[in-house]
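Work out the full structure: start from the sequences and follow the hints.
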Amino acid sequence: MDKQPPRNTARPRIYLAGPDVFRPDARAHFVSLSAICDAAGLAALLPADGNEELNSEAPEKQIYEANMQRLLGADGVVANLASFRGTEPDSGTVFEVGAAIALGIPVVAYGVPEGSYADRVRAALQCEVDANGVLREAGTSIAVEDFGQQLNLMLACSIHIEATPEAALKKMSHLLTVHRATKAGNP
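If you count the sequence shown from 1, position 27 lands on 9 in my numbering, and the numbers rise without skipping.
Each hint should be verified, as a subset may be incorrect.
Claimed, not checked - Below, a list of computed lysine to any residue pairs in the SDA-like style, where the Cα atoms sit at most 25 angstroms apart:
no., residue 1, residue 2
1, K165, I143
2, K153, K43
3, K165, G86
4, K153, G86
5, K152, A30
Please keep in mind that the hints were generated in silico from the structure rather than gathered at the bench.
Listed below in structure tokens is the structure:
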């Protein structure tokens, strides 16, 4: 993982992050997403899903390293941040989004439920508003972030959010076109 793969200058390479590798129809789903990438002039970088030849001693490490290599070679990340096993997105996907942001790679998410994060938590857990107007989980009194954002502020303030994979890939294509034009001195 110490070498960054060369970036494709002809078609931007987009890492497709998300818990989609766990879907029963994962292969067909990624074929569909790859076709959408192709139509948008983008090259899909698919996450390792454990179906490659894996080292039997540490397959999880091999999957991690393969995904990090793909991420390092990406021009952009399109991430499925739908709620996964609760009110939050998949933790592995959130890690990949954070890594991309730290590397200066733009991220566009999709699948994020409508409404605010606080509203989703309030619907899933018993909550109460304290004397200072802070929304808190009942029983633990842990504050629930309530800035009206669809996701935790660290995600909401660092990424673009679109409703669908198609819209997210279109947005990413636009962002990369603007970025390339700006770098070339043609804003």
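Can the restraint linking K152 and A30 be considered satisfied, given a maximum Cα separation of 25 angstroms?
holds, 24 angstroms
Does G86 sit within 25 angstroms of K165, going by the straight-line distance between their CA atoms?
At roughly 14 angstroms apart (the allowed maximum being 25 angstroms), G86 and K165 satisfy the hint.
Given pair status - I143, K165, alpha carbons within 25 angstroms | holds, 24 angstroms
Open item on the list: Hinted pair, alpha-carbon criterion (25 angstroms max): K153, K43. Please report holds or violated.
Closed with: violated, 32 angstroms
| Given hint G86 paired with K153 - CA-CA distance at most 25 angstroms | It holds: about 17 angstroms lies between the C-alpha atoms, which stays within 25 angstroms.
The structure does not agree with numbered hint 2 stated previously, though it agrees with all others.
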